[in-house]
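In the order they appear, the protein sequences are chains A and C. Read in order, the letters of the first sequence are residues 6 to 118 in this note's numbering. Read in order, the letters of the second sequence are residues 6 to 118 in this note's numbering.
None of these hints come from the bench; they were simulated from the model. Being a predicted model, the structure only gives us computed values, none of them experimental. Keep in mind that a hint or two might mislead.
Put simply, identical chains are the same to the list, so a pair is met inside one copy or across any two.
Below, a list of computed lysine to any residue pairs in the SDA-like style, where the Cα atoms sit at most 25 Å apart [said to hold, decoys possible]: (1) LYS13 x HIS54; (2) LYS68 x THR37; (3) LYS13 x ASP57; (4) LYS32 x SER47; (5) LYS32 x PRO99; (6) LYS68 x PRO31; (7) LYS97 x ALA81; (8) LYS32 x SER50; (9) LYS32 x SER100; (10) LYS68 x LEU112; (11) LYS32 x GLY48; (12) LYS32 x GLY101; (13) LYS32 x LYS97; (14) LYS32 x PRO82; (15) LYS32 x GLY76; (16) LYS68 x PRO36; (17) LYS32 x ARG113; (18) LYS32 x GLY67; (19) LYS25 x PRO82; (20) LYS97 x MET6; (21) LYS32 x MET49.
Number of protein chains: 2
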Amino acid sequence: MLVRNLDKVESSPAYEGIKKRVVIGPKQGAPTFVMRVFDLASGMSTPYHTHDWEHEVFVLAGKGLAVDEHGETPVAPGDAVFVPPTERHCFKNPSGEVFRFMCLVPLRGEDAK
Amino acid sequence: MLVRNLDKVESSPAYEGIKKRVVIGPKQGAPTFVMRVFDLASGMSTPYHTHDWEHEVFVLAGKGLAVDEHGETPVAPGDAVFVPPTERHCFKNPSGEVFRFMCLVPLRGEDAK
């Protein structure tokens, strides 16, 4: 059993204005899926893109927008977002504070932009 | 894309004093892994058990203990716990408040006690 506090997990810049933490991943022995946490600074957005694996997202802090081809949905702590494989999507932070969310992917989705 | 607020997800009793919510699972189309959230009432514990799949846990509210064969580790919001396959484990709530944590498993770990 491994216990890790999120604040003690090293972050890396995933994109401009976006910090990524791999909380439970291949280095920790994760065999199936990976727990990552992203911090989007004010005004930032993840790329509007698609891939053939899913996202399972849970908002931890701040406010943001979950975006797909149908529009933008405001999300806040306690909201979960399921992005099925191949759906075009991004996450935006139009607020003045950091938008933090967990984003889990299958192993093959990690380290792929 | 599906957005679900945790408070609007129906809960079911997993064990005595334990509520379970399947936030993103087979019914939502999850192809690889399942996001569940558990609420342990004061004094409650999950079974001390083992299985051949992993848990990826993230504490959302309250305080609890993550237990394995080496002892008990206090956990609180912001702590993640990785339980590798076959490791004996449970989660306890000795506090006076609800202990809420997310617990993700591969598809084959859902609906198995």
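Open item on the list: When the structure is checked against the list of hints, which entries are broken? Sort them ascending.
Closed with: 1, 2, 3, 4, 5, 6, 8, 9, 10, 11, 12, 13, 16, 18 and 21
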